[in-house]
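J.: Chain by chain, the residues run as shown.
There are 2 protein chains.
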Amino acid sequence: MSNEAKTPELATGLGRRKFMNSAALAGLAAGLAACTDKSGGGTAAPAAATGATAHAASDAIHLKPGELDSYYGLWSGGHTGDVRVLGLPSGREIHRIPCFNPDALVGWGITNESKKVMGTKPDGSLRYTVADTHHVHASYKDGNYDGRYAWVNDKINSRLARIRLDYFICDHITELPNVQGFHGIFPDKRDPVDEKINHTTRVFCGGEFATPLPNTVGTEDGSKYRSLFSCVDAETMEVRWQALIDGNCDLVATSYDGKLAATNQYNTEMGVHYEDMMSAERDACLFFNVARIEAAVKAGKFKTYGDSKVPVVDGTHEANKDPKTALTAYVSVPKNPHGVNASPDGKYFICAGKLSPTATVIELSRMLDYFEGKLAKTDDAIVAEVELGLGPLHTAFDGRGNAYTTLFLDSQVVKWNVDAAIKFHAGDKSVKYVVDRVDVQYQPGHLNASQSETKAADGKYLAVGCKFSKDRFLPVGPLHPENEQLIDISGDKMQLLADHPVRGEPHDFIIFKRELLSPKQVYALDDFPLAVKDPKDSGVTRNGKKVVVKLTSQAPAFSLREFKLKKGDEVTLILTNLDKVEDLTHGVAIPKYNIQFIVNPLETASVNFVADKPGVFWMYCTNFCHALHLEMRSRMIVEA
Amino acid sequence: MSNEAKTPELATGLGRRKFMNSAALAGLAAGLAACTDKSGGGTAAPAAATGATAHAASDAIHLKPGELDSYYGLWSGGHTGDVRVLGLPSGREIHRIPCFNPDALVGWGITNESKKVMGTKPDGSLRYTVADTHHVHASYKDGNYDGRYAWVNDKINSRLARIRLDYFICDHITELPNVQGFHGIFPDKRDPVDEKINHTTRVFCGGEFATPLPNTVGTEDGSKYRSLFSCVDAETMEVRWQALIDGNCDLVATSYDGKLAATNQYNTEMGVHYEDMMSAERDACLFFNVARIEAAVKAGKFKTYGDSKVPVVDGTHEANKDPKTALTAYVSVPKNPHGVNASPDGKYFICAGKLSPTATVIELSRMLDYFEGKLAKTDDAIVAEVELGLGPLHTAFDGRGNAYTTLFLDSQVVKWNVDAAIKFHAGDKSVKYVVDRVDVQYQPGHLNASQSETKAADGKYLAVGCKFSKDRFLPVGPLHPENEQLIDISGDKMQLLADHPVRGEPHDFIIFKRELLSPKQVYALDDFPLAVKDPKDSGVTRNGKKVVVKLTSQAPAFSLREFKLKKGDEVTLILTNLDKVEDLTHGVAIPKYNIQFIVNPLETASVNFVADKPGVFWMYCTNFCHALHLEMRSRMIVEA
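Respectively, the protein sequence lines represent chains A and B. Counted the way the working numbering counts, the first sequence spans residues 1 to 640. Counted the way the working numbering counts, the second sequence spans residues 1 to 640.
Treat the hints with care, as some may be off.
Claimed, not checked - As a list, the in silico DSS-like pairs of lysine-lysine whose alpha-carbon atoms are at most 30 Å apart:
no.	chain 1	residue 1	chain 2	residue 2
1	B	K64	A	K613
2	A	K567	B	K303
3	A	K613	B	K116
4	A	K545	B	K64
5	A	K115	B	K567
6	A	K546	B	K121
7	A	K613	B	K115
8	B	K564	A	K224
9	A	K592	B	K613
10	B	K432	A	K592
11	B	K121	A	K564
12	B	K564	A	K121
13	B	K580	A	K592
14	B	K64	A	K121
15	A	K224	B	K423
16	B	K116	A	K115
17	B	K423	B	K493
18	B	K64	A	K116
19	B	K566	A	K121
20	A	K121	B	K613
21	A	K64	B	K493
22	A	K115	B	K196
23	A	K592	B	K116
24	B	K567	A	K64
25	B	K309	A	K566
26	B	K196	B	K423
27	B	K423	A	K116
28	A	K115	A	K423
29	A	K121	B	K116
30	A	K545	B	K224
31	B	K303	A	K592
32	A	K613	B	K432
These are calculated hints, taken from the structure and not from any lab test.
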């Protein structure tokens with residue numbers, strides 16, 4: 001433990017570097033690519049030291065009471081298994097959408113409706129209660145978000161969740177068969193075949209860990225392991241197809257023309273120990289020709305593995321040597337790349353080097369040429385490979401031709417010009433492609449700019465997910481928050497605006513204009529087949545031990561003042577909130593019965609339980625709803 | 001659903017009132033005490049309209065990047081069952097301390113260590129996974145917080161959790177016997193008997209719902225129901241004693257001299273339907289003479305109920321008619337009071353009326369007189385009962401003689417002078433006791449001021465927990481965030497500074513100076529009996545089907561590259577994080593095995609599982625720790 005950590009003064013120069021040396025660099029030395037001239041093709045002077053902010057920009061992010069943010073942010077909730085909704089530029093968290101893990105506030109994982117989405121074991125208990133969400137991306141139309149859906153992955157259990165952006169709820173979860181360590185996701189932006197379909201219809205999912213296929217035998221021989229890249233239907237959420245590949249998938253990107261999906265890959269060595277995983281000097285950015293893969297599936301050119309019926313095409317290097325028939329193409333990029341991002345002009349995918357201090361720019365029109373046999377080799381699609389600094393991870397864009405890349409080891413964001421980098425790479429060493437650098441606190445992972453992943457990238461704000469916060473917030477014991485920093489990128493120089501602590505660890509996020517969403521704030525009664533539409537329909541119906549209790553809520557009362565059960569009854573309790581005023585949510589808890597959920601305006605929810613404890617149990621409203629909220633109760637009387 | 005809700009302009013006057021009429025007031029009309037002259041003894045003009053802020057004060061809360069907050073806030077996490085740690089005045093959430101519910105980030109409810117704190121069923125699964133936390137209060141020394149402990153209640157399952165404020169972790173949970181709807185809590189501030197003990201040694205807990213005692217028969221007859229008021233030992237967390245009482249307990253307050261605890265009570269009518277609960281014009285503030293109760297326990301004057309061995313004294317009205325021997329005293333206060341708060345000068349407890357527009361000021365020295373037989377009747381301890389506005393709920397203090405009370409129905413905070421109110425009540429109707437009013441958005445519940453619950457109340461900031469946020473943030477579907485507003489109370493006029501959205505619903509919180517805490521940011525190896533102190537101690541030990549896997553983490557590797565198990569093994573996995581650098585946390589996930597937890601620097605954690613699925617499972621680090629974080633894995637090979 002370093003006492004230095006507690007003093008803000010150390011958030012500059014020496015202290016920062018020292019921290020990286022002792023922590024982030026521990027054990028890394030041997031394999032790290034050398035970076036003797038970090039400035040590459042010339043660099044601007046570093047931005048003002050930490051703590052210096054431009055007051056005009058800073059004022060803009062500090063909303064007056066009652067003022068609304070101008071952007072939504074959708075943040076992955078990390079291990080919490082949810083999606084967090086932020087207002088930006090204020091950085092305020094305005095919602096959490098539970099997906100993979102239970103959430104006791106809304107009753108996610110408690111109500112029958114949510115359990116159906118989450119998935120249960122034969123005994124009715126939840127299949128999983130942990131998750132590791134990384135990446136959130138949303139559905140497209142005409143190259144911009146259309147406000148229908150967002151998706152988020154669970155790396156631990158290889159699940160993809162879909163979120164409805166009208167109600168801000170998760171409505172579907174798909175578990176990918178034969179995939180372990182499902183990491184990157186990205187929706188397509190238009191159809192690869194039918195030009196008329198100019199919106200998202202597929203979601204691509206990268207499998208990171210290679211395992212035996214199917215994974216039913218504890219084989220130690222790593223050469224037998226493989227990963228799968230998956231394509232999920234955006235509407236049905238069924239897996240359309242998978243591709244068997246070499247290497248481990250990290251992130252995923254898709255082209256604006258719908259034709260290409262790609263994943264950056266580390267461990268093309270197929271090692272099972274980390275020294276092996278980083279032994280090769282170059283790994284890959286693996287491209288998928290979506291139309292050809294789907295034609296192959298249609299033509300029956302696929303296998304299946306284990307119990308899964310999902311068609312799996314062969315996307316390995318060996319099987320795809322002829323460009324004119326290839327389903328996949330492996331473009332080499334420097335060692336253990338971490339991130340692939342599509343530029344908003346639709347021209348390039350950019351891979352960051354991680355263990356190499358470089359970014360690699362791949363021109364998509366050349367990849368299409370490659371698949372038509374017009375390019376000698378895949379690596380000819382590389383139009384730039386330039387040094388940026390130590391530990392480049394992810395790249396965002398401002399819509400003005402500039403890219404912004406996080407440097408994990410340097411704890412910086414570097415702003416660089418893509419066209420200038422291409423010129424520099426082509427031989428003009430006089431070109432200055434690095435435009436600006438700014439120190440961030442500390443060890444940044446993902447970053448994203450407002451509208452960066454759309455054709456409407458507007459170059460206003462950049463958010464940076466810093467993995468370590470160290471001395472940036474009041475100490476709260478051994479577990480530090482992460483630090484999501486906000487940077488103004490509207491001018492030539494980046495300006496650090498604010499530190500926002502978050503619970504670990506969000507990884508990735510998107511930021512878009514608030515006008516793109518029109519959420520509904522009250523449910524419709526008919527959305528719920530079990531709805532109790534009138535308080536007069538309340539009551540207890542018995543069929544042997546099976547008992548159904550129907551009731552409604554209207555502030556400040558439940559429609560049943562009391563209801564009687566017998567010990568051993570198998571109960572289904574159905575509650576409809578008949579309050580239709582926006583924001584008038586009720587909660588329901590039954591002491592000792594481990595039940596808690598809420599019903600939003602006109603929502604219906606149900607729970608099953610066995611009345612195994614005799615006595616009087618005050619079912620009470622848990623969401624302060626009215627001056628008589630405390631008195632809003634119903635007696636559940638369980639006779640022995 | 002009201003479309004009006006979406007426009008910020010309606011956050012004033014008519015729109016606000018209309019909302020209250022349709023929502024908060026629905027069904028309330030009949031029972032509500034009339035309030036024809038809300039201004040009581042004269043009122044100042046309302047503060048500036050919503051949205052108007054003083055720029056000087058506003059600037060102070062907007063920290064520059066890297067600047068630290070000057071106050072800690074401990075917020076109840078509501079249904080999430082945790083305690084949230086905020087930095088103030090920025091309002092940033094810097095930590096969540098899981099207590100009653102599982103937390104998949106840290107592995108709370110997953111590790112053996114956390115399950116031991118949370119409590120399990122005979123089969124090893126968690127006893128409860130839902131909670132409803134309301135009130136957070138901290139331990140005292142010399143009338144100020146001493147930084148040792150905080151406590152929080154779970155209303156659903158009648159549990160009290162203790163938090164260690166050195167590591168910011170929950171270390172003990174106690175379930176109160178024979179209590180349902182455990183609501184208010186408050187630690188004592190010094191010993192009632194031994195004057196030398198000038199710090200917290202007890203925590204008082206109010207039982208809200210009356211039930212049969214013991215609650216094993218589904219009796220419908222409410223006249224047989226009773227509540228218990230409980231006293232928990234601050235160190236052992238065992239229940240010292242309980243008191244049988246009339247009425248339902250709401251909040252709890254304690255005196256600075258340690259002699260008195262009190263709870264405000266609604267439903268002294270002992271009704272089981274809400275009309276009955278609000279039928280009487282006055283309810284009570286119930287005082288406990290702590291020393292006398294403990295003497296009675298010592299003298300064996302108690303009962304026990306059911307399986308519980310906790311001594312229960314008789315605190316009912318009927319049994320305590322003689323002041324000189326009374327254990328309890330019922331002071332009448334207007335109908336359905338909601339909140340009792342101790343003034344920082346140590347002189348008064350103040351009860352807010354809720355269904356009465358008044359606050360009642362009770363002088364503690366008179367209560368001591370009552371218990372000595374020097375006061376004719378309990379109500380003679382009331383020194384003021386003044387009108388404040390509609391729906392008064394809770395009161396905070398600035399240390400300058402002013403009280404701040406939330407008005408739920410009026411959606412206001414009213415600032416009033418306690419001495420002036422006493423003079424007005426005594427007959428001087430020329431005294432203006434209302435100093436200021438400010439509109440808040442909307443329907444405020446709890447409020448608290450910086451250091452308000454200590455002798456060191458400093459009158460700088462006031463936070464207000466508003467139950468409805470309605471139009472104050474970007475729309476996020478039917479579930480709205482709550483709105484924790486921050487108000488500057490350093491001047492004569494209150495100034496609304498900021499809206500902070502929070503996930504529902506925090507209820508209560510405390511705010512104190514950062515200097516009062518000195519958290520530790522790295523664990524000590526010896527804190528954990530199972531610690532694997534050297535990577536060389538790693539390995540797999542087998543005893544029949546019982547297998548222990550020991551390993552360590554040091555970025556970027558686990559000490560075991562792989563480990564082998566056999567299908568059916570009963571495994572205990574023990575992991576020690578040997579990284580000792582502050583903020584260098586590792587996570588551990590095992591795909592398909594529903595395991596995820598973290599280990600902070602020098603922390604040890606363990607999990608049990610059955611190796612029931614054969615195959616290769618990549619146990620991987622889930623907390624981004626290093627440039628080679630993705631490569632930080634260990635292979636768990638389960639042979640069929």
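J.: Each hint: holds or not?
T.: Verification of the hints:
{"no.": "1", "hint": "B:K64 - A:K613", "result": "violated, 55 Å"}
{"no.": "2", "hint": "A:K567 - B:K303", "result": "holds, 28 Å"}
{"no.": "3", "hint": "A:K613 - B:K116", "result": "holds, 24 Å"}
{"no.": "4", "hint": "A:K545 - B:K64", "result": "violated, 63 Å"}
{"no.": "5", "hint": "A:K115 - B:K567", "result": "holds, 29 Å"}
{"no.": "6", "hint": "A:K546 - B:K121", "result": "holds, 25 Å"}
{"no.": "7", "hint": "A:K613 - B:K115", "result": "holds, 23 Å"}
{"no.": "8", "hint": "B:K564 - A:K224", "result": "holds, 17 Å"}
{"no.": "9", "hint": "A:K592 - B:K613", "result": "violated, 34 Å"}
{"no.": "10", "hint": "B:K432 - A:K592", "result": "violated, 49 Å"}
{"no.": "11", "hint": "B:K121 - A:K564", "result": "holds, 27 Å"}
{"no.": "12", "hint": "B:K564 - A:K121", "result": "holds, 27 Å"}
{"no.": "13", "hint": "B:K580 - A:K592", "result": "violated, 41 Å"}
{"no.": "14", "hint": "B:K64 - A:K121", "result": "violated, 50 Å"}
{"no.": "15", "hint": "A:K224 - B:K423", "result": "violated, 87 Å"}
{"no.": "16", "hint": "B:K116 - A:K115", "result": "holds, 27 Å"}
{"no.": "17", "hint": "B:K423 - B:K493", "result": "holds, 22 Å"}
{"no.": "18", "hint": "B:K64 - A:K116", "result": "violated, 46 Å"}
{"no.": "19", "hint": "B:K566 - A:K121", "result": "holds, 23 Å"}
{"no.": "20", "hint": "A:K121 - B:K613", "result": "holds, 15 Å"}
{"no.": "21", "hint": "A:K64 - B:K493", "result": "holds, 18 Å"}
{"no.": "22", "hint": "A:K115 - B:K196", "result": "violated, 55 Å"}
{"no.": "23", "hint": "A:K592 - B:K116", "result": "holds, 19 Å"}
{"no.": "24", "hint": "B:K567 - A:K64", "result": "violated, 60 Å"}
{"no.": "25", "hint": "B:K309 - A:K566", "result": "holds, 29 Å"}
{"no.": "26", "hint": "B:K196 - B:K423", "result": "violated, 36 Å"}
{"no.": "27", "hint": "B:K423 - A:K116", "result": "violated, 62 Å"}
{"no.": "28", "hint": "A:K115 - A:K423", "result": "violated, 55 Å"}
{"no.": "29", "hint": "A:K121 - B:K116", "result": "holds, 25 Å"}
{"no.": "30", "hint": "A:K545 - B:K224", "result": "holds, 29 Å"}
{"no.": "31", "hint": "B:K303 - A:K592", "result": "holds, 24 Å"}
{"no.": "32", "hint": "A:K613 - B:K432", "result": "violated, 56 Å"}
In this structure, the earlier hints numbered 1, 4, 9, 10, 13, 14, 15, 18, 22, 24, 26, 27, 28 and 32 are contradicted, and the remaining ones agree with it.
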